[in-house]
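Chains F and X supply the protein sequences, listed in that same order. In my numbering, each number is its position in the first sequence, counted from 1, plus 7. In my numbering, each number is its position in the second sequence, counted from 1, plus 24.
Simulated from the structure, these hints should not be mistaken for laboratory data. For clarity, every value in this text was computed on a predicted model and none was experimentally measured. There may be inaccurate statements among the hints.
In silico PhoX-like links for lysine-lysine, alpha-carbon gap of 25 Å or less [unchecked claim]:
#: 1; chain 1: F; residue 1: Lys-44; chain 2: X; residue 2: Lys-37
#: 2; chain 1: F; residue 1: Lys-74; chain 2: F; residue 2: Lys-48
#: 3; chain 1: F; residue 1: Lys-10; chain 2: F; residue 2: Lys-44
#: 4; chain 1: X; residue 1: Lys-37; chain 2: F; residue 2: Lys-101
#: 5; chain 1: F; residue 1: Lys-10; chain 2: X; residue 2: Lys-81
#: 6; chain 1: F; residue 1: Lys-47; chain 2: X; residue 2: Lys-37
#: 7; chain 1: F; residue 1: Lys-74; chain 2: F; residue 2: Lys-63
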Amino acid sequence: EDKVVQSPLSLVVHEGDTVTLNCSYEVTNFRSLLWYKQEKKAPTFLFMLTSSGIEKKSGRLSSILDKKELFSILNITATQTGDSAIYLCAVEPKNAGGTSYGKLTFGQGTILTVHP
Amino acid sequence: KAGVTQTPRYLIKTRGQQVTLSCSPISGHRSVSWYQQTPGQGLQFLFEYFSETQRNKGNFPGRFSGRQFSNSRSEMNVSTLELGDSALYLCASTRDPQIYNEQFFGPGTRLTVL
Chain F
8 EDKVVQSPLS LVVHEGDTVT LNCSYEVTNF RSLLWYKQEK KAPTFLFMLT
58 SSGIEKKSGR LSSILDKKEL FSILNITATQ TGDSAIYLCA VEPKNAGGTS
108 YGKLTFGQGT ILTVHP
Chain X
25 KAGVTQTPRY LIKTRGQQVT LSCSPISGHR SVSWYQQTPG QGLQFLFEYF
75 SETQRNKGNF PGRFSGRQFS NSRSEMNVST LELGDSALYL CASTRDPQIY
125 NEQFFGPGTR LTVL
């Protein structure tokens, strides 16, 4: 069964700090790994990492994927109070046909709190 | 472009009742997946529909069912509600899972079972 473990489960920092969120996974056939940010509403998409795209960056956020060691990290530099949220990591397996038929397996999430 | 919409946003039911939740995907998205989110279990996959066909199902009892219409809108139904069904139900849409596509989530329906 696919499994995703995130660490730490919670993190409290001050504005301006840099944080690193970890995600390790086990999946039978890997297709992609996704990062989402969830505030008091729907998870919003941040990054998708695949075999052909193991590093992504968007503004202060960046993520890398290590397919050999089966983990990913999400970095947030110069944190702001608006970064306070739950950060979710998910893996997408692929079946014999090459797709996942919609199933993402999520980790428990990391609760990030950024104080002014 | 409008995002994924879900109705109703909040729902209170009593044990033994049944409930139907609705999800309208982003225009042009043909795949709809449903998830249950609880504090203890996190986000768990319920099922996925594509072109009106259920192609994948998670480890939930048969009381949880769904369907998809020709316009890609989807509904999920929970019969004989139990207290443990209280959760945030999220749906997500994808244009076509054949290619790499992230899932876009709706705001969710918060179901409380009393």
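Of the numbered hints stated previously, which ones are contradicted by the structure, given in increasing order? Hints 1, 2, 4 contradicted; others consistent.
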